[in-house]
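Student: Below are the chains, spelled out letter by letter.
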Amino acid sequence: MKQNFINYSERYNVSILELDDPSANTLTYHLLKELEENIFYIATNPLVRGIVIIGKGDKFFSGGVNIGMLLTAGRQHNSHFILFAAEVLELIESLPIPVVTVINGNITGGGLELALIADYRIAIAGDYNIGFPEVRLGVIPGMGGTQRLARLVGPQRALEMITQGEFISPTAAKDIGLIDVILDRENFRENAIKSAIDYILKHNLCQAKCAELYWSEKNNILIDDAVQLSINNGLAVIHVTEVANTLNSIDILIALNNYLLDLRIDEEIYSVLIDLKSEFFGKDDNVDFFSKYQKLFRYIFNKISGYPRIVAVNVHGRLKSIAMELALHCDYRFVNSTLAVSDLWQDINGESPERARFYPFLDSLIPTSRIADLVNCRFYKIQDSPENWLMRFVPPVGAGQAIGYAKLAITKGYKEPLSSSLLLERHLQEQLFMSYDSKEGMKAYVEKRKPFFTGA
Amino acid sequence: MMKSAKKLLLSDKYHRALVGWRNKHFPDFSLLDKYWNVHFPQDERFELCAKIVKVKNEKITQGKYIGNEKFKQAKDMKGSMLYQALRIIKAQCSTELGSIQQHVETVETSHSDYTKFSVMRIMAEELRHAYQMFWVLSNDSTWISTGDKKIADNLMDELLSMETGSHVLDAFNIDFTDALDNILFACFIDRVGKFQLTMQEEFAYEPMSASMRPMLHEEAFHLKTGWEVLREIAIAAVRGRSSWTLADIQKKINVWYPRALEMFGSTEGGESNIQFSFKTISNSEAVTNYIKEVMSLMRTLNTRIIQCAHPDMTRIEAGEAIQDEMPLYLPSPQFLRIRSTLDDASSLRVYDTQGKPIASNLYASYLTTVLPTKFLNTQFGKNYLLRYAN
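Chains as they are written, first to last, in the numbering used here: chain A, 1254 to 1709; chain B, 322 to 711.
Okay, chain A solo, but in the shape it has when bound (with noise of 0.2 Å):
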């Protein structure tokens, strides 16, 4: 039996999702992986002009983050939910449509970083809750509430709200400016969708978005065939197969983001490989293709590089634009042993007449001065299988959480000022050395045997 818990339909070309997971719409990893789908098909579709994002019932908007998966997860699966939620809100943030939430009821912790993204807020009259309550429970917002709160309401006022985790009234909430307007009770669902959508008809200025539809032609059983995964000893191998020259790059990276989202809550993956048998990422693998779809792009490399373990690519043979910016994204990149790693070379150095539309591409993704590392990255050719490589990163040979968050350091402070990212390399320290493997390498080091790490 399938299970919705986004109700999704559509007036005047707008979007309107419906939170649906009784009674309080809580934030779960499979309410939010049916929302990023909803996400890309509206990322993808030029006809729809905007979302309107509301809660199933009349109790609650959404209760926030759900407690009992917190509390039924390990650490590790926690914070990575926490990253994939603050990511999927940083997707429809980024949409060029307005976005607006209806607030039927309830909007607490989570639910109010939900709402926070949008455009305008719509909210029912009434006695309910409105706060963020997670100091009372010991932890922060997370996924992004602190940030944005502040930039909403000021941050004195932030600073009140969230340090007293104490809830405030509708009106309250209007008086400081976190609701633009409350509707009364009566017919509230039908009048809110209303002014919702009146909202982003005015505000849809002829939208810059260059979308396609792609998904009246999408296979889903061409894309199980182009895109698989097995897993072994810590290590997942993502296999993209020829039968993705045949196929369209987006469903390709949808297909791929949907793995990478599952390997990277499991606590028990080390290392990812992906290998990638076929030259183009999918048939329409180009740079025009890329600068359409640029923030769904963006948006899935970014699960790589900010996912706290090392992603490897296998590369059998020469790279398109497509296929060859996700190699970049890896922290590895392997090359079959009887490819010529000059024939790679070329492709970014300018030398091969690839150069003319790769050039271009790479600076529409990223700083022109990362340019330079990113041709400095190095391809390599190992005689051993990259699996068994890989296998470094994986315990009990790694301390795979050490592993995972030096590559976060690197790869996410390196992007920040100095002061920042020595802040984060202070905080991920502090973390590992309440971890289990810190202990068990200090120990082994001084006992001066290898250390058997478990990953805890």
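Read the hints as simulated data drawn from the structure, not as lab findings. Any given hint could be a false lead.
[To be verified] Short derived list, chain A residues pointing at chain B, Cβ under 7 Å: (1) N1257; (2) F1258; (3) M1322; (4) D1380.
[Unchecked claim] Calculated cross-link-like contacts (lysine to aspartate or glutamate; reagent style EDC-like; alpha-carbon spacing at most 16 Å): (5) A:K1312 x B:E592; (6) B:K471 x A:E1683; (7) B:K470 x A:D1519; (8) A:K1312 x B:E589; (9) B:K437 x B:E549.
[What the hints assert, rightly or not] Over the 10 Å line for every Cβ pair with chain B, so calculated as not near, a few chain A residues: (10) R1264; (11) T1279; (12) A1326; (13) Q1329; (14) I1435; (15) L1436; (16) N1444; (17) N1555; (18) G1559; (19) L1661; (20) H1680; (21) M1695; (22) A1697.
All residues carry an ideal CB built from backbone N, CA and C; glycine is no exception.
Using the hints provided, position chain B relative to the given structure of chain A.
Tutor: What follows is chain B alone, placed relative to chain A:
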């Protein structure tokens, strides 16, 4: 009905774990086993196993998935539904194990041999109910949460390590102080169990709903034992032949009845349980029905007490007499509650047994007049006083 129950054993690992748990927390089980035929000659001998029957309805009868086949595997439940199902199974199992840990403290001091063996039988059957929940968790390898492939194993390990004080529901975190607790617990707390099990017969996850009927069948014995023995003790108290007085019994009712009400959850909640078809009625409806049922039992008990005190009265006359004054009564549903006041700490209020608000600075001394002193000295009692009485 019960003849058709299929008996199943857990995997060796968890079967042995639960037998080990029994040896630690219920060391006199072998006595019950040895004298079962002496005390319960008509009843089927106790076996530590899971019992499964055909479900009453194969389809979901209410809520979001109405009309669909019940979920046969945990992996088919996603989102909040999965975590809520786990929470209910955990709470159910925790109550079973918790009650054994409570009963064992005072069962030895039971006022008769039959009562002692009845309580031991209750303990054994509670253990079987825990075994049943372990079966629900371990028989289905698809209890997998996002990012955690061992949620069932983790939960079972957690349950095995729980002690009085760490159980899910606070009724199971109260130390028993004498054998009257064994009886009042069976009267009030086990009756909540009956309500929950009845509602869970419609549970949307089939292995859970298939488990309920045999558990309910056993729960009936617990309820019968509780009220029969309570009547015996109350009559003995009236006749001056018991070490407990009616006032002692009343003080115990004041402890256990509020805890029973608390077990139904917030009166405004329970909607998602209906939506997911985990339970059939809302918390407020369930608690109303519970109160009605217990009140009726209390009337019958009081009538017997009056008749005993005035042997010349007919049953009807005794029934009329209790209209004016109940020898034993149920305290107000607002008395000694935690859950309802925790939701809104800023407007924290405390009430007396009649439901009248009472000043918090007078509350501690008031409680000493309506609750057993030994209860107030338990860890639970101390914590309650710390939190609610200035």
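Student: Now tell me if each hint is right for this structure.
Tutor: Hints versus structure:
1. N1257: violated, 9 Å
2. F1258: holds, 5 Å
3. M1322: holds, 5 Å
4. D1380: Where the cut-off is 7 Å and the nearest Cβ of chain B is about 12 Å from A:D1380, the hint is violated.
5. A:K1312 x B:E592: This hinted pair holds, its Cα atoms lying about 10 Å apart.
6. B:K471 x A:E1683: violated, 27 Å
7. B:K470 x A:D1519: holds, 8 Å
8. A:K1312 x B:E589: holds, 11 Å
9. B:K437 x B:E549: holds, 13 Å
10. R1264: Given that every Cβ of chain B is farther than 10 Å from that of A:R1264, nearest at about 24 Å, it holds.
11. T1279: violated, 5 Å
12. A1326: violated, 5 Å
13. Q1329: violated, 7 Å
14. I1435: holds, 23 Å
15. L1436: Holds: least Cβ distance 24 Å, greater than 10 Å.
16. N1444: The assertion about A:N1444 holds, with a minimum of 24 Å to chain B.
17. N1555: holds, 20 Å
18. G1559: holds, 16 Å
19. L1661: At roughly 18 Å from the nearest Cβ of chain B, A:L1661 sits farther out than 10 Å, so the non-interface label holds.
20. H1680: holds, 22 Å
21. M1695: Non-interface label on A:M1695 holds, nearest chain B Cβ at 27 Å vs cutoff 10 Å.
22. A1697: holds, 26 Å
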